[in-house]
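From first to last, the protein sequence lines are chains V and E.
Just so we're aligned: the first sequence equals residues 1 to 329 in the numbering used here.
Just so we're aligned: the second sequence equals residues 1001 to 1278 in the numbering used here.
There may be inaccurate statements among the hints.
When the alpha-carbon atoms are kept at most 20 Å apart in a straight line, the in silico EDC-like pairs for lysine to aspartate or glutamate are as follows [unchecked claim]: (1) K1045/E - D1116/E; (2) K1112/E - E165/V; (3) K138/V - D171/V; (4) K1045/E - E95/V; (5) K1047/E - E95/V; (6) K138/V - E94/V; (7) K1045/E - E188/V; (8) K1047/E - E94/V; (9) K117/V - E95/V; (10) K138/V - D1116/E; (11) K1112/E - E95/V; (12) K138/V - D1249/E; (13) K1112/E - E94/V; (14) K117/V - E94/V; (15) K138/V - D1229/E.
Derived DEER-like restraints, expressed as beta-carbon distance ranges [claimed, not checked]: (16) V1046/E - K117/V: 18 to 28 Å; (17) M1043/E - P59/V: 25 to 35 Å; (18) A74/V - V1152/E: 52 to 62 Å; (19) E20/V - A1265/E: 34 to 44 Å; (20) P1026/E - G142/V: 26 to 36 Å; (21) E20/V - R1276/E: 43 to 53 Å.
Output of the computed footprint for chain E on chain V, the stretches with three or more beta carbons under 8 Å from beta carbons of chain E [stated by the list, open to error]: (22) 62–72; (23) 80–94; (24) 124–131; (25) 187–200; (26) 268–278.
No lab work stands behind these hints: they were computed from the structure.
Source: prediction; values computed, not measured.
Just so you know, even glycine gets a beta-carbon here, dropped at the ideal spot from N, CA and C.
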Amino acid sequence: MTAQTELAIDASGLGKSFGETRAVAGVDLAVPAGAIYGVLGPNGAGKTTTIRMLATLIPPDAGSARVLGHDVVAEAATVRELVSLTGQLASVDEELTGRENLRLLGRLLGCSRAAAKARADELLDAFDIAEAAGRLVKHYSGGMRRRLDIAASIVVTPRLMFLDEPTTGLDPRSRNQVWEIARALVAEGTTILLCTQYLEEADQLADGIAVIDRGRVIAEGTPADLKASVGTGSLYVRLLDPARRAEAAQLLERTVGPVVLEPEPAALSATGADAERAATAVAELHRAGFPLVHFSLQQPSLDEVFLALTGHAAEETSPSTDDLQEHLS
Amino acid sequence: MTATTTAPGSADTAAVRRAISSTSRPPRPGPLSAALTFGWRGMLKVKHVPEQLLDVTVTPVMFLLMFTYLFGGAIAGSTSAYLDYTLPGLLVMSVLFTTVYSGVSLNTDLTKGVVDRFRTLPIWRPAPLVGSLLGDSVRYVIAGTVIIVVGVALGYRPDGGVVGAVSALGLVVAFSFGLSWVFCVLGLLLRSPNAVMNAGFMAIFPLTFLSNVFVDPATLPGPLEAFVDVNPISVLATASRSLMAGAPDGEAIVISLAVAAGLAAVFLPLTTRLYRSR
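Let the sequences and hints guide you as you build the complete structure.
In structure tokens:
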């Protein structure tokens, strides 16, 4: 095997316009096989369009991409044999039952009738949808629909799977289930390209992340790199006694970093906190005799990442981002 | 014993991993097998929502009753004489109306994410389209059968007998298979299922009325008669009538089939191309 085939996705200068809109403006991606790679960006950044090009749904109008060593345009049919897509819109048939959906896909992938039926039942059990197997999908809950969607993507286990915002709109329980399934897939050797708007999701799952904004990759690295560039999270503290806030602020400035006084009279947060420093700071507050009502360590949000990377919030226009990209690489 | 429990919501990871690792890729299905699977999908939808068949049969049955009893006497002298004339034509109308729904259901499909999945499968590209029309053909047969059965209940007795009725139905369904590609193109071009329905009926309704389905064209003013005579729906109705009567009109049958083949030859590739690019 050459080094070339070690990349699950190798895209360079990938671009796509819809009318006047340049949805994807030259995306370069090098996704190693056997891992989860996150593409992080706000709505409308070009994530879905990128996925659709890589999954052979729409042809790029600039650049090129190879998926598992095959060109997405010239060898689209081969690519289709190796990938599957869990789209942002649930890619299952709502007017059929869960079992029928899986049997349908089994048949379309070339399984015999009996094999398709057996595979459907196996997946329904494994993904905890067996009791709803005979119900129409349109009556499913969001989490169940997502699980069915992913099950449908692995009727024949793909070498590469596209997960487009798999947990948007899900409750925490369903979200955890989806994450566990994604981890299990990777453990069994599938590569996953994960598009998400949530830094936390990318942090939880991905080994590498590309941040995408206005159709371009503006930063790339491990989750740790990315968070480091944002300057970690912030420690939020609410005191019992608002009168002692100024005192507490001094202590936090000293142990953690710059303090912001929150709108609530007894609350304040210190930026630049990691778990270690936050634990120390909370312990010191306690030792110094500040009764605490609440404290939490907050992850930087996607907005903060964007602010740090581009100097603007997720939706506004940006200055040149080249220097930032250099800064990260 | 430990106090640590797994967080609620954990899927059974071992079972998931088993399910992931337990597959091998079967050989690609052939074009026919893929298309038939999509046909099966169409059948499943009918099974889940059988009412949708009513939509397509109620109107023609209404026309059958209305025309036979309201106008039959005036047009043909007696209701039974008119039933003999118009039933083979109503069979045509009933089935052709159903073809509009093929375009509507294709358009509905496109608004759903499932089409993306179909398009990323390693299958013969037109399979979803050909398959859903194969499924729809079953609906055409049902729509046609309903009309014939209601006609027989009202006293219609075709001279061609069962063979005549079945071959007329077969011809009409074959024609519809060709015509439905036109509505598939509409289904791919227009924005909403309602728009497809409106545009479809705006075309099929006047074409059906400006044919010999309801009246003998000889009674019409000259230019109109000329149009009605060349209208393919008239030719199809004539062919259907001849088969029902047990005296097949070879020319009308051949022209009907040729028109169907011509429509498919133009609109099938167009449909496939639009489906791919949308």
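Under a C-beta cut-off of less than 8 Å, do 3 or more residues of the stretch 80–94 of chain V approach chain E closely enough to confirm the stated coverage? holds (count 13)
Would the hint linking K138/V and D171/V be met if the CA-CA limit is 20 Å? holds, 18 Å
Taken at face value, is the distance from the CA of D1116/E to the CA of K138/V at most 20 Å? holds, 18 Å
Does the structure keep K1045/E and E95/V at a Cα separation of 20 Å or less? Holds: K1045/E and E95/V sit about 7 Å apart, inside 20 Å.
Can the restraint linking K1047/E and E94/V be considered satisfied, given a maximum Cα separation of 20 Å? holds, 14 Å
Can the restraint linking K1112/E and E165/V be considered satisfied, given a maximum Cα separation of 20 Å? holds, 16 Å
Quick one, are K138/V and D1249/E close enough, alpha carbons at most 20 Å? Violated - the C-alpha atoms of D1249/E and K138/V are around 49 Å apart, more than 20 Å.
How does the Cβ-Cβ distance of P1026/E and G142/V compare with 26 to 36 Å: does it lie in that range? For P1026/E and G142/V the Cβ distance comes to about 31 Å; the hint holds.
State, for the Cβ atoms of M1043/E and P59/V, whether the hinted interval 25 to 35 Å holds or is violated. The hint (25 to 35 Å, Cβ to Cβ) holds, given that M1043/E and P59/V are roughly 34 Å apart.
20 Å limit on alpha-carbon distance, applied to hinted pair K117/V and E95/V: Holds, at about 19 Å.
Verdict on chain E covering the stretch 268–278 of chain V, criterion of 3 CB contacts below 8 Å: violated (count 0)
Using the C-beta atoms of V1046/E and K117/V, is the stated range 18 to 28 Å upheld? Because 21 Å falls inside the window, the suggested range holds.
Hints 7, 12, 15, 21, 22 and 26 from the earlier list are contradicted by this structure; the remaining hints agree with it.
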